[in-house]
Amino acid sequence: MSFKLGQTLAGLLNASFGNAVEIIVGVAALLKDELVIVQNSMLGSILSNILLVLGCSFLAAGAVEQESNFQVTAAQAQSSLMTLSCITLIIPAAYHSVKSGNTSLFSNALDRAGLDGLLIISRGTAILLLGMYVAFLYFQLKTHHHLFEAQVPTEDEIERGARRPPTEPEEAQMSVISAGACLLFITVVTSFCADYLVASIEEFATRYSIPKSFIGLILLPIVANAAEHVTSIWMAMKGQMELTIGICVGSSIQIASFVIPLLVVVGWASGHELTLFFANFETVSLFVAVFLVNTLIQDGKSNYMEGLMLVTLYLVIALAFWVS
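According to the working numbering, the residues represented by the sequence shown are 1 to 324, in order.
Okay, derived cross-link-like pairs now, DSBU-like style, lysine-lysine, Cα gap no bigger than 35 Å in a straight line:
{"no.": "1", "residue 1": "LYS32", "residue 2": "LYS99"}
{"no.": "2", "residue 1": "LYS212", "residue 2": "LYS99"}
{"no.": "3", "residue 1": "LYS32", "residue 2": "LYS212"}
{"no.": "4", "residue 1": "LYS301", "residue 2": "LYS142"}
{"no.": "5", "residue 1": "LYS301", "residue 2": "LYS238"}
{"no.": "6", "residue 1": "LYS142", "residue 2": "LYS238"}
Don't read these hints as lab results, they were simulated from the structure.
Go ahead and model the full structure; you've got the sequences and the hints to work with.
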């Protein structure tokens with residue numbers, strides 16, 4: 001699809017089909033009133049995309065060439081929107097800490113009036129984030145699409161280790177319609193498994209003594225986004241870094257700015273009190289992850305060492321959630 005539609009649109013479609021599974025799993029868990037699982041799986045998807053998948057992609061690209069290049073302006077625009085989404089999760093956490101009268105990282109006490117205020121903040125923010133995501137799509141695909149197109153490396157960059165563009169362009173092995181149909185078919189098949197997956201979490205956690213937060217934050221996102229992970233790493237090894245960034249960072253933006261707000265609105269309509277309040281521990285983890293990603297991609301270059309940093313932070317966060 002990237003050969004026919006371009007790396008930007010192909011990355012967006014890949015992320016959208018992958019996140020369709022997240023929406024299906026999230027709605028299934030929401031209707032079963034598993035609010036913690038919904039929040040943890042969404043946050044886990046963001047962390048796995050921007051740390052584990054992007055880190056493994058940088059490592060894979062580093063194994064092929066010393067340094068990879070991508071559009072720095074587009075990457076910064078995406079990371080800035082990711083930062084905004086992160087801030088919108090910090091504000092409910094700050095409100096919760098003030099209203100609960102307890103600044104503990106693990107405090108969850110809130111009276112009815114405080115919860116009503118938290119719901120108003122979350123639902124209003126969700127609507128604003130949905131509008132912001134629509135504006136970002138217009139920015140990405142219409143007005144500033146040139147910022148997201150791959151750049152041809154200069155001779156100096158090639159001498160420093162950048163990959164030389166192929167003299168004979170690679171041809172697509174499938175048509176756009178057949179590739180889209182395959183993605184749609186896999187998404188539909190996965191949707192039938194989502195209900196069984198959510199229903200089995202409780203028994204799985206009890207039988208193997210695994211914390212439910214660890215299942216939601218670490219195991220579920222890895223399983224649900226396995227196809228995205230493989231695609232991103234494969235594209236990175238082929239030097240299509242714009243597509244890799246679009247899958248990893250773009251997917252995280254879609255979850256934070258579209259999927260989570262959408263689930264809040266669905267919960268609002270179905271009578272489930274899902275909010276944008278994540279426990280302070282989870283919020284801090286997201287903040288440090290976004291901070292590290294912003295720091296590493298701001299120069300428009302990547303190498304295996306940066307990938308190793310991202311994977312290391314992901315493992316540290318996974319270990320923290322295992323024992324917390």
